[in-house]
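For the record, the sequence lines run as chains A and B.
First residue of the first sequence: 1, per UniProt numbering; consecutive thereafter.
First residue of the second sequence: 1, per UniProt numbering; consecutive thereafter.
Since the hints were derived computationally from the structure, they do not count as laboratory data.
By construction, the Cβ of each residue, glycine as well, lies at the ideal position given by its N, Cα and C atoms.
Certain hints may be false.
Far from chain A, some chain B residues (derived; all Cβ distances over 12 Å) [said to hold, decoys possible]: (1) 46; (2) 65; (3) 66; (4) 70; (5) 77; (6) 78; (7) 80; (8) 88; (9) 106; (10) 154; (11) 155; (12) 164; (13) 165; (14) 250.
Which residues of chain B face chain A? A few of them, derived with a C-beta cut under 7 Å, are [what the hints assert, rightly or not]: (15) 150; (16) 272; (17) 282; (18) 287.
Restricting the straight-line Cα-Cα distance to at most 25 Å, the calculated cross-link-like pairs of lysine to aspartate or glutamate (DMTMM-like) are [said to hold, decoys possible]: (19) B/138 to A/85; (20) B/152 to A/85; (21) A/243 to B/57.
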Amino acid sequence: MAVVTSESGTTTAPVRNPSFRARRLLQLNWFGGLAGWIWLAIVLVPLYWIVVTSFKDQSAYFTQNPFALPSAPTTNNYRLVIESDFPRYFLNSVIVTAGTIIPAVAISFMAAYAIIRGAGSKFLAGVNGLFLMGLAIPLQATIIPVYLLIIRMQLYDSLLALILPSIAFSIPLSVLVLANFIRDVPKELFESMRVDGATEWGMMRKLALPLTRPALVTVSIYNGLGVWNGFLLPLILTQSPDKRTLPLALWTFQGQYSVNVPAVLASVVLTTLPIVILYAVSRRQLLSGLTAGFSR
Amino acid sequence: MTSAAPPVPPGTVSKPASGVGRSGPVAWMVLPALLLFIVFGVVPLVGVLVLSFTRWDGLGAIHAAGLSNWTSVLRDPQLPHSILVTFEIMILSWVVQTPMSLLLGTFLAGRQRYRAFLAVLYFIPLLLSSAAIAITYKALLDPNFGLGPGLKLDFLTQDWLGRSDLAIAVVIFIVSWQFIPFHSLIYQGGVRQIPTTMYEAASIDGAGRIRQFFSITVPQLKYTIITSSTLMVVGSLTFFDLIFVLTAGGPGDATRVLALDMYQRGFMSNRMGPASVIAALIVLLGLALALLLRRLGGSTTASQQEGA
Numbered sequence: 001m002a003v004v005t006s007e008s009g010t011t012t013a014p015v016r017n018p019s020f021r022a023r024r025l026l027q028l029n030w031f032g033g034l035a036g037w038i039w040l041a042i043v044l045v046p047l048y049w050i051v052v053t054s055f056k057d058q059s060a061y062f063t064q065n066p067f068a069l070p071s072a073p074t075t076n077n078y079r080l081v082i083e084s085d086f087p088r089y090f091l092n093s094v095i096v097t098a099g100t101i102i103p104a105v106a107i108s109f110m111a112a113y114a115i116i117r118g119a120g121s122k123f124l125a126g127v128n129g130l131f132l133m134g135l136a137i138p139l140q141a142t143i144i145p146v147y148l149l150i151i152r153m154q155l156y157d158s159l160l161a162l163i164l165p166s167i168a169f170s171i172p173l174s175v176l177v178l179a180n181f182i183r184d185v186p187k188e189l190f191e192s193m194r195v196d197g198a199t200e201w202g203m204m205r206k207l208a209l210p211l212t213r214p215a216l217v218t219v220s221i222y223n224g225l226g227v228w229n230g231f232l233l234p235l236i237l238t239q240s241p242d243k244r245t246l247p248l249a250l251w252t253f254q255g256q257y258s259v260n261v262p263a264v265l266a267s268v269v270l271t272t273l274p275i276v277i278l279y280a281v282s283r284r285q286l287l288s289g290l291t292a293g294f295s296r
Numbered sequence: 001m002t003s004a005a006p007p008v009p010p011g012t013v014s015k016p017a018s019g020v021g022r023s024g025p026v027a028w029m030v031l032p033a034l035l036l037f038i039v040f041g042v043v044p045l046v047g048v049l050v051l052s053f054t055r056w057d058g059l060g061a062i063h064a065a066g067l068s069n070w071t072s073v074l075r076d077p078q079l080p081h082s083i084l085v086t087f088e089i090m091i092l093s094w095v096v097q098t099p100m101s102l103l104l105g106t107f108l109a110g111r112q113r114y115r116a117f118l119a120v121l122y123f124i125p126l127l128l129s130s131a132a133i134a135i136t137y138k139a140l141l142d143p144n145f146g147l148g149p150g151l152k153l154d155f156l157t158q159d160w161l162g163r164s165d166l167a168i169a170v171v172i173f174i175v176s177w178q179f180i181p182f183h184s185l186i187y188q189g190g191v192r193q194i195p196t197t198m199y200e201a202a203s204i205d206g207a208g209r210i211r212q213f214f215s216i217t218v219p220q221l222k223y224t225i226i227t228s229s230t231l232m233v234v235g236s237l238t239f240f241d242l243i244f245v246l247t248a249g250g251p252g253d254a255t256r257v258l259a260l261d262m263y264q265r266g267f268m269s270n271r272m273g274p275a276s277v278i279a280a281l282i283v284l285l286g287l288a289l290a291l292l293l294r295r296l297g298g299s300t301t302a303s304q305q306e307g308a
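In isolation and in its complexed conformation, chain A is listed as follows (with noise of 0.2 Å):
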């Protein structure tokens, strides 16, 4: 009988899994329901604080509750810092960024096109191996070296010395989660295409790359953010103020205005402020690829 029941259990599984499954969720996850909330709250509060502060103005950020909404919001402090050099490490950042995820996911995409296309190449196989061993270098250690070859290749103190190490930077990573995009491309597809008389470029712009659209939405933005958020490069491969990207100008203006905190708060959140609405735009994709790419 208890045999019985346990096999018809196993079987029938799919059909009556819905409501088993919404059942089990229920009753059970208080405790991870309980720590989500807990985490929603430590990850937003001080988010908040961070907006409802740019709103204040100085004598406020003193005398005021924290947490509480401005008495009398006030606009200036984006003033300010729109009124500074702001817009020209806004652009910096947009030209660093831009001319990096672009060429960097091109070059990363026919990588991975190649690898997985022409597996069982040695050559291949090699070079994606010294991609993987990337992954686990701390590539940051190695500045020392870049700044030396960026100075000797005269590029010291310019936008291009930011985006070159930044393409290279980002290529293992690439590699790996458009790699496993490919892979699951079906076999039957690039043969039938072949019979057609279709070169292995062709096939990569009319099959592979439709096909991989989620994971370079991933990959682009992935890299992105690293970039647009990028400080060690910037600080150590450039000099000049109209040189400086987003996140070194934060730096240097919580310097000159470190005792205007809202001000500086204004200029934290004008530089996350692109980055939040990109994400807004393109989520959806962002995280089914990340969580995708990353739990192969």
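Add chain B to chain A, keeping to what the hints say.
Using the frame of chain A, we list chain B on its own:
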């Protein structure tokens, strides 16, 4: 460009599709990435080792220095301290982040709508730069004008960044604040790949929720745990910007991790040789830790990929 696709070279067509024959025409596609990675990744990696045997102030000529950098750095009492701080932050932040991320990731893997909503909000700390986060927390924790005095809460009114033990705790808290969301997303993806039939079978056998978590979820997530831990541990070797902006290594040298030690020796004291020694140690440490974690997983990345 390829509209009039040229016929495939006869040799490749007539061959049985055995993989090896096909590697020829695609192999060149790997070259741009390979070239850039060699110039800005592999060459500097070798360069770190070479520079560690030289004397260089960052501007002038580079002179051979033999083993002197290595002997002086390895004898410097600062080094064990920096290594200790690095490991302390690495291990404690792993201990805080991993259980929390596992729990949150398992929780988020459920399908209710509000969980999707939580996952959206969780991601936000990852969008901020470490510099922005450090600046924010510096203001929040200010003993005179920060949260504590503002809310008139005594336990929050501490010299958080002025006491060594507190400063390390703050760094670990902020790192967790920033990265737990990321790792819980990784775990969320991992949990969703566990077949639900396993849970059903277990609950028919009478296993409770907690039992299921430890007997099914955690073992099934083995590779996810390895991936996430590798990212965490190797990533923690590069915590530079957060600590640099938050404490600049202080108070004293309480939060001077290896990456900061390297920066201070190299770019602030203009002694690139000793700084390269530290850099080489960071690289070796990263490699050793990654290999160790892979060994612990009892598998290689390759076999994981075959299975995918």
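So, going through the hints one by one against the coordinates:
no., hint, result
1, 46, "violated, 8 Å"
2, 65, "holds, 14 Å"
3, 66, "holds, 18 Å"
4, 70, "holds, 15 Å"
5, 77, "holds, 22 Å"
6, 78, "holds, 17 Å"
7, 80, "holds, 19 Å"
8, 88, "holds, 17 Å"
9, 106, "violated, 6 Å"
10, 154, "holds, 15 Å"
11, 155, "holds, 15 Å"
12, 164, "holds, 23 Å"
13, 165, "holds, 21 Å"
14, 250, "holds, 16 Å"
15, 150, "holds, 4 Å"
16, 272, "holds, 6 Å"
17, 282, "holds, 4 Å"
18, 287, "holds, 6 Å"
19, B/138 to A/85, "holds, 24 Å"
20, B/152 to A/85, "violated, 37 Å"
21, A/243 to B/57, "holds, 23 Å"
This entry does not satisfy hints 1, 9 and 20, going by the numbered hints stated previously.
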